[in-house]
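There are 2 protein chains.
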Amino acid sequence: MRTLPLHKAFTLIEPGPVVWVTTHDGERPNVMTITWTMVLDFTPRFALATGPWNHSYAALETTRACVLAIPDAPLLDKVVGVGTCSGSDTDKFARFGLTPVAGRQVQAPLIKECLANIECRVVDIVQAHGIVVLEGLVAHVSTGYQRRPMLHAVGDGTFVVDGERLNRRRQMRSKLPPGV
Amino acid sequence: MRTLPLHKAFTLIEPGPVVWVTTHDGERPNVMTITWTMVLDFTPRFALATGPWNHSYAALETTRACVLAIPDAPLLDKVVGVGTCSGSDTDKFARFGLTPVAGRQVQAPLIKECLANIECRVVDIVQAHGIVVLEGLVAHVSTGYQRRPMLHAVGDGTFVVDGERLNRRRQMRSKLPPGV
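Protein sequences, first through last, are from chains A and B. Under my numbering, the first sequence has 61 at position 61, and the numbering climbs by one with no breaks. Under my numbering, the second sequence has 159 at position 159, and the numbering climbs by one with no breaks.
Don't take every hint at face value.
[As the list claims (entries may be wrong)] Some chain A residues close to chain B (C-beta under 8 angstroms, calculated; not the full set):
#	residue
1	16
2	17
3	40
4	43
5	127
6	130
7	133
8	137
9	138
10	166
11	176
12	179
Since the hints were derived computationally from the structure, they do not count as laboratory data. Beta carbons: idealized from backbone N, C-alpha and C, even for Gly.
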């Protein structure tokens, strides 16, 4: 994995991929599958929707840190597996053969098998709406990450794989932030 | 267009598509392209990230209503066009040949050419983070909407079209809300 300049990290979440959120509660790491995320700004800040019904929530709230890890399409069955069991009784890294890698700024691990990982700190939790606001601290990408298809959850148990990529950079130029 | 049961409407936004947000300020309709959206819950509630720099924001804040309209992939150049001009000096419906259709519960129009439209009311604006919280009121879908590929913005001027759809309904059953 190499570092991606932080001002480009929003491009990893903007397409709306299924994401793994890793945490570390001080004793052990955990990971959950989530698809309710969005970009908030280019600095970058992100939002995710979750709440106390997820085992990872306590670690998010206490440690104020996590990693957004982005699996590629071949990892679908692990994505489903991670999303349908709980860290309360399962070591998901061991069970699904995921490799935790130490990050630079947070104790939550990166996941080696993912196409990208973003170390984040929790800057706010909007309790009224179950929204966790994150600030990206360091972004890491794997070789060829832009050619590895992401997954999108439909929410009905089906998933859509990235298809063709269309280039409209020239037409979008006036709206792209500097250096992107 | 036919009505989609409201408890299924979250499946239109969960995949992370590029969205058109229509508003009506009492004088005329407007539409903006946005990709920073997420699902908040199954009722359904949605969040979108925007702010006063968008011309549509004033109408969102004042009328407390909008429509989330989902274009399909063949509409890409209109998506880019709508996203790179402003309603302050442009009638975007006329310029891009989009057909406004009256909704049931809000004055903001549906867009006939889209694969789906969700009428929404604004339930809250979280000023600190530029997050608008929406409640879906009525969802409308076009014939064959599930076979029409959505678009995902990467944020660098490129767009990804939906590819293959993979079925994991059986494995995901424990996590699907009733009736989905």
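We went through each hint and held it up to the structure:
no. : hint : verdict
1   : 16   : holds (1 angstroms)
2   : 17   : holds (7 angstroms)
3   : 40   : holds (5 angstroms)
4   : 43   : violated (12 angstroms)
5   : 127  : violated (11 angstroms)
6   : 130  : holds (7 angstroms)
7   : 133  : holds (6 angstroms)
8   : 137  : violated (18 angstroms)
9   : 138  : violated (18 angstroms)
10  : 166  : holds (5 angstroms)
11  : 176  : holds (6 angstroms)
12  : 179  : violated (10 angstroms)
Checked against the numbered hints given earlier, this structure breaks hints 4, 5, 8, 9, 12; the rest are met.
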